[in-house]
Amino acid sequence: MSTVATHSLPSRPFISHENLLFNYPDADVILRSRDSHEFHVHKIYIVHASPILGEKILTSPNPQPEPTPTISAERDVEGAVANALCMVQLPIEGAILFSLLTYIFQVPQVLPSTVRQVMELLSVAQMYKMDNVLTQIRNHIARQEPPFIREETAYLIYSLSLKHGLRTEALRAARRTLGILRFTINDLAKENRLDVMPGAFLHELWKYHQRVRSNLTIDLGEFKKSIVPTIPKCRSPTDLGLPCWLDAYISDIESACVPTLLDINDFYNALSMHLNEYVHGCHSCMYSLRSNIRELWKALTTVVYGSIVKVRITFFVLPQEPERLYRPSQISPFSLRGRGLRAKPDKLVKLPLYY
Amino acid sequence: MPNADVILQSSDLVNFRVHSSVLVASSPLFRDMFTLPQPQDGTRPAPYELPVVHLSEDAEVLNSLFSTLYPVPPEIPHSRDNILALLAAAKKYDMDAAQSAIRMEINRKGLLSSTNAAEVFQVYAVACNKGLIPEMESSARLSLAYPLTFESLGDALQSFEGWALRDLANFRRHSIRTFASNLKIFLECRSGPSKIWAGCHGAETRPYWLSICLRTPNLEDPDSFTKPIPTTAQLCDMYFMALQVHIEQIDCNSCMRVHILRGKEYCEKLKGVSESAQVWNVSTCNSNI
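Protein sequences, first through last, are from chains A and B.
Mapped onto the numbering used here, the consecutive letters of the first sequence carry residue numbers 1 to 355.
Mapped onto the numbering used here, the consecutive letters of the second sequence carry residue numbers 1 to 289.
Certain hints may be false.
As the list claims (entries may be wrong) - Residues from chain A that keep clear of chain B, each with C-beta distances beyond 12 Å, as calculated: (1) K43; (2) R193; (3) S272.
Stated by the list, open to error - For lysine-lysine, the following DSSO-like pairs were computed, each having C-alpha atoms within a straight-line distance of at most 30 Å: (4) A:K225 / A:K207; (5) A:K163 / A:K298; (6) A:K190 / B:K184; (7) A:K298 / A:K207; (8) A:K190 / A:K163; (9) B:K109 / B:K184; (10) B:K227 / A:K190; (11) B:K109 / B:K227; (12) A:K207 / B:K227.
What the hints assert, rightly or not - Coverage of chain B stretches by chain A, computed from C-beta distances (three or more under 8 Å per stretch; other residues unrestricted): (13) 159-170; (14) 174-187; (15) 237-251.
Honestly, the hints are just simulated from the structure, not real lab data.
Built from N, CA and C at the ideal position, the CB exists for glycine as well.
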């Protein structure tokens, strides 16, 4: 085993996902996870991937090799090398750190197995400002099948995204919740989702749904006005001059349970029902409108999706140690300055936040 | 306080000069604190300086708390949030007598009751967060009079922990089930208290007007727990108004006579139906979760 990394490319690492093993034989730093897993890697890659983590590694004290006056010469060398590697303790779970390293080094990328862990991985990558790694993880997530953000996971991902400050995921998950159900306490209770997130996050999600609906109403109202001059006169127009079936269809979108799922077949059905209302059909809708119905549909869906995309999530930080989170029988931190007394450590234990 | 021997400093840096003996007598936690051995190092204050203990409560809360320990009229804070903070502080320092005194004062003045849904939900959420069980239970019962919807919760939702909302929903399910089943029994003309109306024209099981005004919640409707349960006053109002309309419409002498003779007694029993929904506790409804 060589004691110094002499090549520009590192040697092949020993990797085992099951055992959380990630060891380069010629590593020059050990990253130690919160749960005491050690990963022998090369500093240069870490420094390149994250300026923050790089600085932490570069500023960590470099231990001196200790003399090992025992047994064989080969083991002496190994012992000296192991002792010489500087070790950096990171506040990251082993499985997350392992996964993170697969995006930094040239090895097969491994996403953690649970939603919570994936969100933590994204959070860690964001925390250490690993922009490229973050992009790679997001690309990897986007290729997942079934989709990472889907009906069963949307609420949890939304909640964890707000907790970790992941704007992209929070917004995507919030948009996905638009397509699940009408957003009521009762619907959430039916799905056992009332306790999936703190009330503050739920309140923001409710406000988001409200903003989407209100935006949709305004934008569709303007859309109706804008298309009136382009639509031929129907046999049964509304006061505005729109064909009544089209007006009803657009109004249905505004009040629909799921405004994101627009189906062109429903659109055609609405038109067909209108045409069947009259013995000889509605001439203008049958001939004039039919010719540009694709364009009309495209314009309508653009307005709907554009309206939804405009709405953002308001980010806020929940207080990390609010007083209300102390178990009431436990005393909050206070010192006994002057008397030199201290509260008993077991009285200072804080309750976990939500997760 | 004259002859004070300790300074308690609030989170907003207001000093309260108090007697450690009073604190020791009222709080096991302060008793432990003041009986711990003192280290013999440089942190010990000079003999003429009083020791300072830093507390996490603000001055208004501490002032109120100390007013319950000394023989002075208790000063209860004005805002609901601070009242709950006061109770939480008394609980944190294991001041049982102070907690009782504060609760007595709160109940006497009705300081935590409200006719505003968002305020009731807010008290419930904050009481849950601070582990104030009596306030959590009473506000949960008060909240039965209001719908459990996003609109009704308003900004109070921001104070909820996820579990608190789930527990409230479970509690309401139990309560409305009890209310619905008791109301159904109550309205039975053959056996229940409503048999006094059996003489009404065309009444087979119960008078039509009574069924309409006191509609039993549909338990098949999964949405039922989000709906409000009528209060005793609302139930009686519904009864009076429906009876009035009924008498005006068909000039029902039978119901008129029954109301004059036994209407008051009937109303009292009707109040019991609404009160029966109040037998549940949030804690017991969620003990298996």
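Verification of the supplied hints:
1. K43: holds, 42 Å
2. R193: Contrary to the label, R193 of chain A does not stay out of reach of chain B, its closest Cβ about 9 Å off (not over 12 Å).
3. S272: holds, 35 Å
4. A:K225 / A:K207: Cα-Cα ~27 Å, so holds.
5. A:K163 / A:K298: Violated: K163 of chain A and K298 of chain A sit about 37 Å apart, past 30 Å.
6. A:K190 / B:K184: holds, 26 Å
7. A:K298 / A:K207: Holds. K298 of chain A to K207 of chain A sits at ~28 Å (cutoff 30 Å).
8. A:K190 / A:K163: The given pair, whose Cα atoms are some 24 Å apart, holds under the 30 Å limit.
9. B:K109 / B:K184: violated, 36 Å
10. B:K227 / A:K190: Roughly 15 Å separates the two Cα atoms, so the pair holds.
11. B:K109 / B:K227: holds, 29 Å
12. A:K207 / B:K227: Holds, because 21 Å separates the two Cα atoms, which is no more than 30 Å.
13. 159-170: holds (count 9)
14. 174-187: violated (count 0)
15. 237-251: The restraint on the region 237-251 of chain B is violated, since only 0 of its residues have a Cβ under 8 Å from chain A and three are required.
In this structure, the hints that do not hold are numbers 2, 5, 9, 14, 15, in rising order.
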